[in-house]
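J.: Residues per chain, in single letters:
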Amino acid sequence: MRLNLPSIMAAMFVLAACSTASEEASDAGGAGGAVDSGSTPQVAATGPQPGTQADLVANVGDRVFFDFDRHSLKPDARATVERWSAWLKTYPQVTVTIEGHADERGTREYNLALGERRANSALEYMQSLGVDSSRVRIISFGKERPAVLGSTDDAYSQNRRSVLVVN
Amino acid sequence: MRRLPHLVRWFLIGLLAIVPIEQVAAQLRVDITRGNVEPLPIAIPEFLSNTAEANQIARDMSEVITNNLSRSGLFRPVDRKAFIEEPSGVEVRPNFNNWRVLNAQALVVGGASFKADGELQVEFRLWDVFAETAMTGLSLSTAPSNWRRIAHIVSDTIYERITGERGYFDTRVVYISETGPQNQRVKRLAIMDQDGANHRFLTNGDTLVLTPRFSPTSQEITYLAYYNEQPRVYLFNIDTGEQEVLGDFPGMTFAPRFSPDGNNVVMSLAEQGNTDIYAMDLRTRRVNRLTKNTAIDTGPSYAPDGRQIVFESDRSGSQQLYTMRSDGSDIQRISFGEGRYGTPVWSPRGDLIAFTKIFRGEFHIGVIRPDGAGERLLTKGFLVEGPTWAPNGRVLMFFRQTKSDSAGRGGSSRLFSIDLTGFNEREVITPVEASDPAWSPPSVQ
Numbered sequence: 001m002r003l004n005l006p007s008i009m010a011a012m013f014v015l016a017a018c019s020t021a022s023e024e025a026s027d028a029g030g031a032g033g034a035v036d037s038g039s040t041p042q043v044a045a046t047g048p049q050p051g052t053q054a055d056l057v058a059n060v061g062d063r064v065f066f067d068f069d070r071h072s073l074k075p076d077a078r079a080t081v082e083r084w085s086a087w088l089k090t091y092p093q094v095t096v097t098i099e100g101h102a103d104e105r106g107t108r109e110y111n112l113a114l115g116e117r118r119a120n121s122a123l124e125y126m127q128s129l130g131v132d133s134s135r136v137r138i139i140s141f142g143k144e145r146p147a148v149l150g151s152t153d154d155a156y157s158q159n160r161r162s163v164l165v166v167n
Numbered sequence: 001m002r003r004l005p006h007l008v009r010w011f012l013i014g015l016l017a018i019v020p021i022e023q024v025a026a027q028l029r030v031d032i033t034r035g036n037v038e039p040l041p042i043a044i045p046e047f048l049s050n051t052a053e054a055n056q057i058a059r060d061m062s063e064v065i066t067n068n069l070s071r072s073g074l075f076r077p078v079d080r081k082a083f084i085e086e087p088s089g090v091e092v093r094p095n096f097n098n099w100r101v102l103n104a105q106a107l108v109v110g111g112a113s114f115k116a117d118g119e120l121q122v123e124f125r126l127w128d129v130f131a132e133t134a135m136t137g138l139s140l141s142t143a144p145s146n147w148r149r150i151a152h153i154v155s156d157t158i159y160e161r162i163t164g165e166r167g168y169f170d171t172r173v174v175y176i177s178e179t180g181p182q183n184q185r186v187k188r189l190a191i192m193d194q195d196g197a198n199h200r201f202l203t204n205g206d207t208l209v210l211t212p213r214f215s216p217t218s219q220e221i222t223y224l225a226y227y228n229e230q231p232r233v234y235l236f237n238i239d240t241g242e243q244e245v246l247g248d249f250p251g252m253t254f255a256p257r258f259s260p261d262g263n264n265v266v267m268s269l270a271e272q273g274n275t276d277i278y279a280m281d282l283r284t285r286r287v288n289r290l291t292k293n294t295a296i297d298t299g300p301s302y303a304p305d306g307r308q309i310v311f312e313s314d315r316s317g318s319q320q321l322y323t324m325r326s327d328g329s330d331i332q333r334i335s336f337g338e339g340r341y342g343t344p345v346w347s348p349r350g351d352l353i354a355f356t357k358i359f360r361g362e363f364h365i366g367v368i369r370p371d372g373a374g375e376r377l378l379t380k381g382f383l384v385e386g387p388t389w390a391p392n393g394r395v396l397m398f399f400r401q402t403k404s405d406s407a408g409r410g411g412s413s414r415l416f417s418i419d420l421t422g423f424n425e426r427e428v429i430t431p432v433e434a435s436d437p438a439w440s441p442p443s444v445q
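Note that the protein sequences, when read in sequence, are chains A and U. The first sequence begins at 1 in this note's numbering and counts up one residue at a time. The second sequence begins at 1 in this note's numbering and counts up one residue at a time.
One chain only, chain U, in its complex shape (with noise of 0.2 Å):
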């Protein structure tokens, strides 16, 4: 499929932002120093139908597409109501014209259907209303309760064509969703789409929870609970909701991550004052301890080739930065700014490592390279913490809690979604408070 030379354009500058081409200059606004960029106008019709039962989910459909591209900030729906015609099927090539004049760059053409068996089946195409070709397209059936998993398959398929990064919509998120004052607080591990559907309750908030994250291979949890008083990490499936605690360790466990094959899980045990890093083949069970010194060595997080791990240790006397080899050797402290870095978590394109960075009494989240250069900094509180990369490296999720006063009023904690740009901070809808996001692998389609 051909490559349009409107979307093309639109894309390197964009996504790239690199220095504006002459003829579209005018139409654009790029700030190229703070990576802003102008949303793609497009339009995305109401997909067709059959049925009536077909034409809820096709509206459905339609909504959360729209949704989920309006929601990256790379893409402006074009306002259904100016629309001038409604397409009239998937195969018919569109009046070029009546979107033109719309200034829609895009234009999706879907439809949702029944078949004789009561499968679903899906279609859609994407067309380049300028240059008036079809970009990508798609056809599938299933069974009709995947609708929404569907939209964010069709979501993914026409982000990835558009910007040419993978898209990151057909997934999860598992967080702690919180309830009740702060000295009474009520953690529950929750998941959800990363749109805020389907959310559930994995646990029942008797036992203090926190840091969730997701294997990268398994429908499995790492976290932190304190089940019989005893801070412990423990795996969790998704799936049929059993548990295990990882290890006999003879202190805390806590701050627990996969490695990028799922063979093992990276944490801290902190034992008669002292905090290390130890990984656990989860096959074998045997345990390695890869950092031993009287710091607090915690946060580890493994590098997308599973080779370095990064990780924060006080032992300069304050919080910072520092990766390893995966064996524990070769440690290098990576950040030397003002303040107090932690919660590292290494891209999952390598090139970059985000972290909460605590500096003149606020809060921050930044990215900086392995090597310890670029360090930018990308949001502001009273209080950010813990970020999360959506798969593609382009998104961090991650929490936002405000101040309270004396009665502890105010304290609200809400997740957020940014982009690498530092643009595009959105809330991410949760059903009560939420902290400790973390974002799940690709999913497998």
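Isolated chain A (complex conformation) (with noise of 0.2 Å):
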């Protein structure tokens, strides 16, 4: 039997499609998807797909720092947590996850309740700007996966860290 190369590809363009859609469509419901889209041309053409974790990566910023054994928002961390309630805001269905880290200069089980403190004082913050509690989980990671590799303080720096991720 003898393939038929262009009727093959043509069946693998409509496939394609069809999975572009169900994406697109999944992505209303607020799911994520943003790195499977992220390679479609029309997607790469006009930036990330809005109220996706892409979008709030590039649009927003997903993360704020703190200092050493520290969990208040310092003011730039403050500015962005109230970009995150405004993108909230604009994108109603999207619920997040708040995950709470810290850096290894510490022991295991402080700071595990340490990352807690930091994602609730993301969480707090954006409550008092009106979000909806029940869109927004928390969960602290403590030193278990920190952003950037090494034993240095800039490493340190980057890891006390609180992320909103997109569910």
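The hints are simulated quantities; they were obtained by calculation from the structure and are not laboratory data. Misleading hints may appear alongside valid ones.
To be verified - Looking from chain A toward chain U, a few residues come up when the C-beta cut is under 8 Å (computed):
| # | residue |
| --- | --- |
| 1 | 107 |
| 2 | 112 |
| 3 | 113 |
| 4 | 116 |
| 5 | 117 |
| 6 | 147 |
| 7 | 150 |
Predicted, not measured: the structure shown is a model, and the values here were computed from it. We put the beta carbon where it would ideally sit given N, CA and C, even for glycine.
Starting from two chains that each stand alone, build the complex the way the hints lay out.
T.: What follows is the structure in structure tokens.
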């Protein structure tokens, strides 16, 4: 049996189109899919799809940073959380998780508690700005998931963070 | 059984580190201030056996015993190549001259043979070479598959007879096995004998797991796992692999530990930016809140009598150690040194509390008395953390992590054991990297 190359390619094109359409449908319902849709040409041309993690990262900023052993929001962090709140009001169907993290220079259990405090600091400020807390859950990873590798002060300052993640 | 002059003297000097007795001061180097001891020379010939199959077991048992005693740092097995004679039978009185010339102070003669019913018959004698008398011995029969366990029991018997302390060789360690880069670390619950044998993974690595601790009374572990992206305290049955979440809390539960009677698990709950300590009765599942403070209160560990709990709190502004009664009353701060103190764990003997201390950019493992006196640091490093006690309260295990570069290279995490004296620090070999060790209670024989 001979393969009919053009017809196979046509079939693949149809499948790809179907998959893109279904992703858009699920994005509208609040699901993720930012990574996948980012590879399709029409999205790349217009930037990240609104209301996605990629949109948050590119246009709002997905993280805030803390001083060593602290969980209070610094002025720039407050500004970021204000943008998070406005962004969440723009996309009312989106639900999110705030992750709290610590650097590696603390003990494991204390850092879990510290990460919870950091996530909660962002949550409390968002609540004060009118975000419905039922759309937001928090989780602490302590020192288990550094964003930046290495035992350096620069890495530590980037690892003491709260990150907003679209569910 | 009589205690024999040479070994008695050796024990007093070696393990209690008291003022040296004149007659032996010349041959032993004892640094009283640091608790350093000269290991006791002990001859451990290969165990005797009656068949080729038993011969392999006999040889392996001798190796396990030799390694146990050597790793304790209190014994120095004499090189077998120097032996002048091989024992001819467990019942046969040795020619002590042949062992004295090697300066062996103790001699272990043992045998492992198959009986007609297929059981393994193990016996041994511990001899005082200079006093020429038997110190202790053991004779038992068991299924051949138990040979390694029996070798640990023999090691414990020797250790106990010569040191006066309980042995810890017939024990296990549960810990967290680690692979992959730090930002995508795969962590698995794992268990092994204290010498690294019989290693087994208990979880598959799909879910982040941390801080396992043994039940003192059952084949169970309590630990923190992130199933369904919800960090919660779980109870894990080692025999069946079944597990259950402990309690229905509104936030993250973590830092679990059993009470000494096995009836309670004490743990932290983090909720709305505040972490407090709770105890759950495993029989009634009733939960009792023990601390009520806006600070981080975590790392609870019971005293061996169950009446008190030591924990860490930053209520003073930085991480420090506190004790309280097990109902949460009478909170007393016990650490007052410079630096931050965490991960307290009460010794099974009750006399000391081990901790992690962060001080001047370095991490230390130390011990302190429950009343806050006598703080002593045992070891330090870029990151040393999470001490756990051997059931005899003389040896600690912890993990040591090294610095990593910006590509994440060099940041390895390994288990180590160390004597309460601060001496004899040794790596505990694991198949891959490791953290969060927890020593089992004494085995039931």
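J.: Against each hint, give a clear statement of whether it holds in the structure.
T.: Hint check results:
no. : hint : result
1   : 107  : 4 Å, holds
2   : 112  : 5 Å, holds
3   : 113  : 4 Å, holds
4   : 116  : 4 Å, holds
5   : 117  : 5 Å, holds
6   : 147  : 7 Å, holds
7   : 150  : 4 Å, holds
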